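Sequences listed follow chains A and B, in order.
Position in the first sequence (from 1) plus 1307 gives the number in this note's numbering.
Position in the second sequence (from 1) plus 1307 gives the number in this note's numbering.
Think of the hints as simulated: they come from the structure by calculation, not from any bench.
These numbers were taken from a predicted model, which means no experiment stands behind them.
Honestly, I wouldn't trust all of these hints.
Each pair may be met inside one copy or between any two copies, as identical chains are not told apart.
[Said to hold, decoys possible] The calculated SDA-like cross-link candidates involving lysine to any residue, where the alpha carbons are at most 25 Å apart (straight line), are:
1) K1472 with A1788
2) K1642 with A1840
3) K1541 with T1507
4) K1457 with R1707
5) K1642 with P1722
6) K1377 with R1691
7) K1798 with S1365
8) K1642 with V1701
9) K1457 with M1716
10) K1541 with R1474
11) K1642 with D1786
12) K1541 with Q1619
13) K1541 with A1464
14) K1642 with F1714
15) K1472 with K1642
Number of protein chains: 2
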Amino acid sequence: MAYTRDELRWNGWGLRRDTFDLKGRDAEVWDFIRRSVGLATLPETRPRPLAACELPPSRIDSAVRAALEKALAPGRVTTGDRERAAHALGRSYPDLIRLRAGDLSSAPDAVVYPGSHDEVQRVLEVCQRASVAVVPFGGGSSVVGGVEAKRGEAHRAVVTLDTTKLRRMLDLDPVSRTATFEAGVWGPDLEDALQRRGFTLGHYPQSFEFSTLGGWIAARGAGQQSNRYGTANKWLVAARLATPAGEWRTLAVPQSAAGPDLKELICGSEGVLGVITEATVRLHELPQARDYRAYLFRSFEAGALAIRTIVQAELPVAMLRLSDADETYFFGTFKRLLHPAGAVTAAAERALSTAGFGDGRCVLMVGIEGDEATVRTTRPRVLRRILRAGGLPVGAGPGRAWLDQRFRMPYLRDPMLDRGVGVDTLETSTEWSKVLRLYRAVRGALRAELGPNAAVLAHISHSYPDGASLYFTFFFARDPADELGQWVRIKRAASQAIAEHGGTISHHHGVGRDHAEWFRREKGPAGVGVLAAAKAELDPGGILNPGKLL
Amino acid sequence: MAYTRDELRWNGWGLRRDTFDLKGRDAEVWDFIRRSVGLATLPETRPRPLAACELPPSRIDSAVRAALEKALAPGRVTTGDRERAAHALGRSYPDLIRLRAGDLSSAPDAVVYPGSHDEVQRVLEVCQRASVAVVPFGGGSSVVGGVEAKRGEAHRAVVTLDTTKLRRMLDLDPVSRTATFEAGVWGPDLEDALQRRGFTLGHYPQSFEFSTLGGWIAARGAGQQSNRYGTANKWLVAARLATPAGEWRTLAVPQSAAGPDLKELICGSEGVLGVITEATVRLHELPQARDYRAYLFRSFEAGALAIRTIVQAELPVAMLRLSDADETYFFGTFKRLLHPAGAVTAAAERALSTAGFGDGRCVLMVGIEGDEATVRTTRPRVLRRILRAGGLPVGAGPGRAWLDQRFRMPYLRDPMLDRGVGVDTLETSTEWSKVLRLYRAVRGALRAELGPNAAVLAHISHSYPDGASLYFTFFFARDPADELGQWVRIKRAASQAIAEHGGTISHHHGVGRDHAEWFRREKGPAGVGVLAAAKAELDPGGILNPGKLL
Chain A
1308 MAYTRDELRW NGWGLRRDTF DLKGRDAEVW DFIRRSVGLA TLPETRPRPL AACELPPSRI
1368 DSAVRAALEK ALAPGRVTTG DRERAAHALG RSYPDLIRLR AGDLSSAPDA VVYPGSHDEV
1428 QRVLEVCQRA SVAVVPFGGG SSVVGGVEAK RGEAHRAVVT LDTTKLRRML DLDPVSRTAT
1488 FEAGVWGPDL EDALQRRGFT LGHYPQSFEF STLGGWIAAR GAGQQSNRYG TANKWLVAAR
1548 LATPAGEWRT LAVPQSAAGP DLKELICGSE GVLGVITEAT VRLHELPQAR DYRAYLFRSF
1608 EAGALAIRTI VQAELPVAML RLSDADETYF FGTFKRLLHP AGAVTAAAER ALSTAGFGDG
1668 RCVLMVGIEG DEATVRTTRP RVLRRILRAG GLPVGAGPGR AWLDQRFRMP YLRDPMLDRG
1728 VGVDTLETST EWSKVLRLYR AVRGALRAEL GPNAAVLAHI SHSYPDGASL YFTFFFARDP
1788 ADELGQWVRI KRAASQAIAE HGGTISHHHG VGRDHAEWFR REKGPAGVGV LAAAKAELDP
1848 GGILNPGKLL
Chain B
1308 MAYTRDELRW NGWGLRRDTF DLKGRDAEVW DFIRRSVGLA TLPETRPRPL AACELPPSRI
1368 DSAVRAALEK ALAPGRVTTG DRERAAHALG RSYPDLIRLR AGDLSSAPDA VVYPGSHDEV
1428 QRVLEVCQRA SVAVVPFGGG SSVVGGVEAK RGEAHRAVVT LDTTKLRRML DLDPVSRTAT
1488 FEAGVWGPDL EDALQRRGFT LGHYPQSFEF STLGGWIAAR GAGQQSNRYG TANKWLVAAR
1548 LATPAGEWRT LAVPQSAAGP DLKELICGSE GVLGVITEAT VRLHELPQAR DYRAYLFRSF
1608 EAGALAIRTI VQAELPVAML RLSDADETYF FGTFKRLLHP AGAVTAAAER ALSTAGFGDG
1668 RCVLMVGIEG DEATVRTTRP RVLRRILRAG GLPVGAGPGR AWLDQRFRMP YLRDPMLDRG
1728 VGVDTLETST EWSKVLRLYR AVRGALRAEL GPNAAVLAHI SHSYPDGASL YFTFFFARDP
1788 ADELGQWVRI KRAASQAIAE HGGTISHHHG VGRDHAEWFR REKGPAGVGV LAAAKAELDP
1848 GGILNPGKLL
């Protein structure tokens, strides 16, 4: 598979040739979205084409360029407009607003494509010597400003180090069920290589198609089935990094008491400590069976209780995903617009309503994966707890539909942005005793800041015996006079509510540029001091990904 | 419960009033041990009594003493001989050899007992200002030299900070299933407090009775049922530390992508980054059911395969413990000596031998714990895999016996040391594809170094989908002319074999003083550099636990 940068949008989601299929129901869908954000008409707010954008001149001088070219295979140093534009920013809302407005002030001065660990190491040496900042870039799908090609004040220029030529599988150990890959491998390529041999990593973030193994680790990401397959820190066995201070590699063992686990410093290091070049990961056998089913609850509280009892009973589920009433309504309506034939009939709707599953109902999607025996023995134990919490089984259809569409939603963002509609997401996690309070606080903060002309949807998508994540999606009418200011206010209100109610500033999106202030508050002076000291040790010139995390 | 130091042996295991009960079969047992280490007679090698030992004069001057006394509640600064002796060293073989010989050169200059986080913080401030080293000390059960009261070259004196007055439960959150304790709480007190409320942490290292929560975290320990309850890094939710640079605390959330997980730096920090004063931990409901059974295998290889297939099928077992042939033989004989009536009859033994379960047989203990349904559904799935790997069920009796005796074995060490017999243990872990090679290499190295007059026993006690631990116990005739040199050579040979065959220098004992050299090799210059930088940030005067870990 393996895309070239040229096949991907430089200012939007995914493949240029691909779009969200509205099944010819465009008018109905856009009318629904228009009403959701309280606009009389949807304005046309198309992005500026690349040809009409002005890039700042590249600050890479001929000596540095020559040194980089010498460090790499031929053709691996580029300064073309499209390459620079495609690596200027990530895929956060403010990143997209800037890209669409033609603001390429953050374009890197050059983009390099190393093809091996040693080449990455050589790039770092060149840049360290020349005082040039280096921004590691995998899929570039960061939604927190994690890949903005920013140079530090002390740096002469900034180079983006694109890892996507580092894509080989180096080893597969079927006895230990681990595999070692170069870190720039795209999600689908990694799974193809594993699944051909009967294994899976099972890490499917929404960005799966356009993100890389190294990015998953650097951002400390979570896949949609993290209940079974774990977050990146759970499946990472060992890593190899290139750092300005030299190679850093950890030993591949299942567990060790040889001091602190340094893998855990690498997970979530967001390119500021080194460039992840290789990683060994834990595999699972490809599941023999897969059971995805939906259930309705009368309230978010009841659904959350069902999740809690299931995870605290330590049942081996793969996914528990509970939408709140607004999200259930929004996606229910959206689906009905696209597939009117498959919609719940009015009679059924009346029956549901009578049973208390009307307007305020919340849908819970439960996924179980594994060998036949695990799925067979787990299903009734899960069902019992769902019924006890007041859940109503509504079958496997919604589960299939969700699995089918799960990577498609990001394709809807660009057409929304084309029509004056803003859309962003943010997420957190906390302990169970605080989950509902945190949910209400963040939702309340978003609604207060966004005003009535907005939709705020939320779900629980990752759960643990001691707590759960909360994920918020919000649509709003953009303020054409102050688009970035509008977003900053929304973000601040939500982040404040998260910090005040015991949430972490991110469960799986990461810190990047946008959460750096909140990250410092969360980790405290001692924690930040420790990380800054680690960075100073490995990157004394501060060339790695300036302005992110720390 | 909560012991005073005075109730505990200063130079041996556990409570002074307690010993290993040989059921009146002393002569037979000691004859068996004598033959195991190839001695004609067992010499008498009693330890020197404390009254006959000379302690170095305390280097705490009156100003520092006054400052410490001011920092603490009355009576919490001690310089008595027994207190100093009891805090001189831990419980490693070389520690015991030194203590028994009356070598108290490592006695701390004073012992302090802070009663709160703030008091710990104040002790650190006093010591930092006065350039006095501080050795955090919980149960003092380290078997790797982790609590030796060593001062660094730059320090005027060394104070041992005994955490065992920090023992309150601060919070129990039944919804999130977490509890927060002060870190000096003893294992039994922690479990009592939890079990009275229907919960358990489930962390039962062999040292359980005489170790503390903070020690478990600092050493990154594992309990015997770690397959179910996890190693310390798995159950730690949040920690609070006092450091010379001030308070360090982490946020209690189930999972976060707000940068690296700093809890993972705290787990395994062995007192060199700060003193753990409080910790929040994940709980489990007290298991409704518990099923411990034993199985025989014809070979270690076959038993290891059974473990691997069980953990790779992700069955929720609590414990899988496979003894190799020598360990099976040794403990089988030992048990027969103590309980001749319960022994396998000669006829049964002949039948076993005919079936291939003779001299080389290996016993596997399988523990399943949890709710009734988990135990009921897991048992047949485990059994199927055991039978497929050639295992023979031998019932629940050995399981009960093991559970009953599991904390008693350390009490046998002192009487062995009284009789010229050396005994030590060491452990490692590696990926499944290397487990058997590593087993043979370490066993071979130990046997080569120990010579014929020794017993080398081994087991797998902690397993993961990608690998397992290996635990070695060895008995040998001590060389009275060079006891420490003899141990150094044995230890070096084993550590070398571990490093050469892809093992970690410790799965759960830690690094301390004894593994520091191997730890540096395992982590590499970048890893050691990162940890040293973190230490310099939090402990710029290097007062915390000098000579350990780094």
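Against the structure, the hints:
| no. | hint | verdict |
| --- | --- | --- |
| 1 | K1472 with A1788 | neither (41 Å within a copy, 62 Å between copies) |
| 2 | K1642 with A1840 | neither (50 Å within a copy, 54 Å between copies) |
| 3 | K1541 with T1507 | both (14 Å within a copy, 23 Å between copies) |
| 4 | K1457 with R1707 | neither (42 Å within a copy, 63 Å between copies) |
| 5 | K1642 with P1722 | within (17 Å within a copy, 75 Å between copies) |
| 6 | K1377 with R1691 | neither (64 Å within a copy, 59 Å between copies) |
| 7 | K1798 with S1365 | neither (32 Å within a copy, 58 Å between copies) |
| 8 | K1642 with V1701 | within (16 Å within a copy, 58 Å between copies) |
| 9 | K1457 with M1716 | neither (29 Å within a copy, 60 Å between copies) |
| 10 | K1541 with R1474 | within (22 Å within a copy, 31 Å between copies) |
| 11 | K1642 with D1786 | neither (28 Å within a copy, 80 Å between copies) |
| 12 | K1541 with Q1619 | both (19 Å within a copy, 15 Å between copies) |
| 13 | K1541 with A1464 | neither (36 Å within a copy, 42 Å between copies) |
| 14 | K1642 with F1714 | within (15 Å within a copy, 60 Å between copies) |
| 15 | K1472 with K1642 | neither (38 Å within a copy, 61 Å between copies) |
Hint check: violations occur at hints 1, 2, 4, 6, 7, 9, 11, 13 and 15; the rest are consistent with the structure.
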